[in-house]
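*Asks:* FYI, my numbering numbers position 3 of the sequence shown as 15, with every residue one higher than the one before it.
Hint data in this document are derived by calculation from the structure and do not stem from the laboratory. Please note that the accuracy of each hint is not assured.
Quick list of in silico lysine to aspartate or glutamate cross-link-like pairs, EDC-like style, CA-CA up to 20 Å [stated by the list, open to error]:
#1 Lys32 / Asp78
#2 Lys32 / Glu52
#3 Lys39 / Glu71
#4 Lys39 / Glu85
#5 Lys32 / Glu62
#6 Lys39 / Glu64
#7 Lys39 / Asp67
#8 Lys39 / Asp78
#9 Lys32 / Asp104
#10 Lys32 / Glu99
#11 Lys39 / Glu80
#12 Lys32 / Glu21
#13 Lys105 / Glu62
#14 Lys39 / Glu52
#15 Lys105 / Asp61
#16 Lys105 / Asp67
#17 Lys39 / Asp61
#18 Lys39 / Glu62
DEER-style ranges, computed between Cβ atoms [unchecked claim]:
#19 Ser102 / Ser65: 15 to 25 Å
#20 Trp97 / Ser75: 36 to 46 Å
#21 Phe48 / Glu99: 28 to 38 Å
#22 Gln22 / Phe106: 26 to 36 Å
#23 Ser102 / Ser26: 39 to 49 Å
Quick reminder that beta carbons are idealized off the backbone N, C-alpha and C, glycines included.
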Amino acid sequence: MSVEPARFEQVVNSNSERLKQIAERAKQLGALHHRFYANEAGGEILVVDEWESADGCREFFSSSPDIEEMMGEAGVTSRPEPVFWRELNSPDKF
Numbered sequence: 013m014s015v016e017p018a019r020f021e022q023v024v025n026s027n028s029e030r031l032k033q034i035a036e037r038a039k040q041l042g043a044l045h046h047r048f049y050a051n052e053a054g055g056e057i058l059v060v061d062e063w064e065s066a067d068g069c070r071e072f073f074s075s076s077p078d079i080e081e082m083m084g085e086a087g088v089t090s091r092p093e094p095v096f097w098r099e100l101n102s103p104d105k106f
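Taking the hints into account, I'd like the entire structure generated from these sequences.
*Replies:* Structure follows, in structure tokens:
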């Protein structure tokens, strides 16, 4: 997502209770892991979630307008486009 990582980090850290409530809703719908990453050049963040199912993820986002509101407060300039991946088995996994 296009956003200044420092501003994003400041907004999310100043809304910890709000984010904890959002995280609990996500867990109830099957979220297993959630992380934000900033690229070294700045200007973008990556959100990586692991869900039990893509349907649970879709349901969560369609019923969570507060996420879009907070993203706006943080200065996100483009709407996130979810991409769903599946893990592959490989002998070098660790």
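*Asks:* For every hint, state whether the structure bears it out.
*Replies:* Now for the hints, and whether the structure bears them out:
| no. | hint | verdict |
| --- | --- | --- |
| 1 | Lys32 / Asp78 | holds (12 Å) |
| 2 | Lys32 / Glu52 | violated (27 Å) |
| 3 | Lys39 / Glu71 | holds (12 Å) |
| 4 | Lys39 / Glu85 | violated (24 Å) |
| 5 | Lys32 / Glu62 | holds (17 Å) |
| 6 | Lys39 / Glu64 | holds (10 Å) |
| 7 | Lys39 / Asp67 | holds (13 Å) |
| 8 | Lys39 / Asp78 | holds (16 Å) |
| 9 | Lys32 / Asp104 | violated (35 Å) |
| 10 | Lys32 / Glu99 | violated (27 Å) |
| 11 | Lys39 / Glu80 | holds (18 Å) |
| 12 | Lys32 / Glu21 | holds (15 Å) |
| 13 | Lys105 / Glu62 | holds (17 Å) |
| 14 | Lys39 / Glu52 | violated (29 Å) |
| 15 | Lys105 / Asp61 | holds (19 Å) |
| 16 | Lys105 / Asp67 | violated (26 Å) |
| 17 | Lys39 / Asp61 | holds (11 Å) |
| 18 | Lys39 / Glu62 | holds (10 Å) |
| 19 | Ser102 / Ser65: 15 to 25 Å | holds (22 Å) |
| 20 | Trp97 / Ser75: 36 to 46 Å | violated (23 Å) |
| 21 | Phe48 / Glu99: 28 to 38 Å | violated (21 Å) |
| 22 | Gln22 / Phe106: 26 to 36 Å | holds (35 Å) |
| 23 | Ser102 / Ser26: 39 to 49 Å | holds (41 Å) |
The structure is inconsistent with the numbered hints 2, 4, 9, 10, 14, 16, 20 and 21, although it conforms to all the rest.
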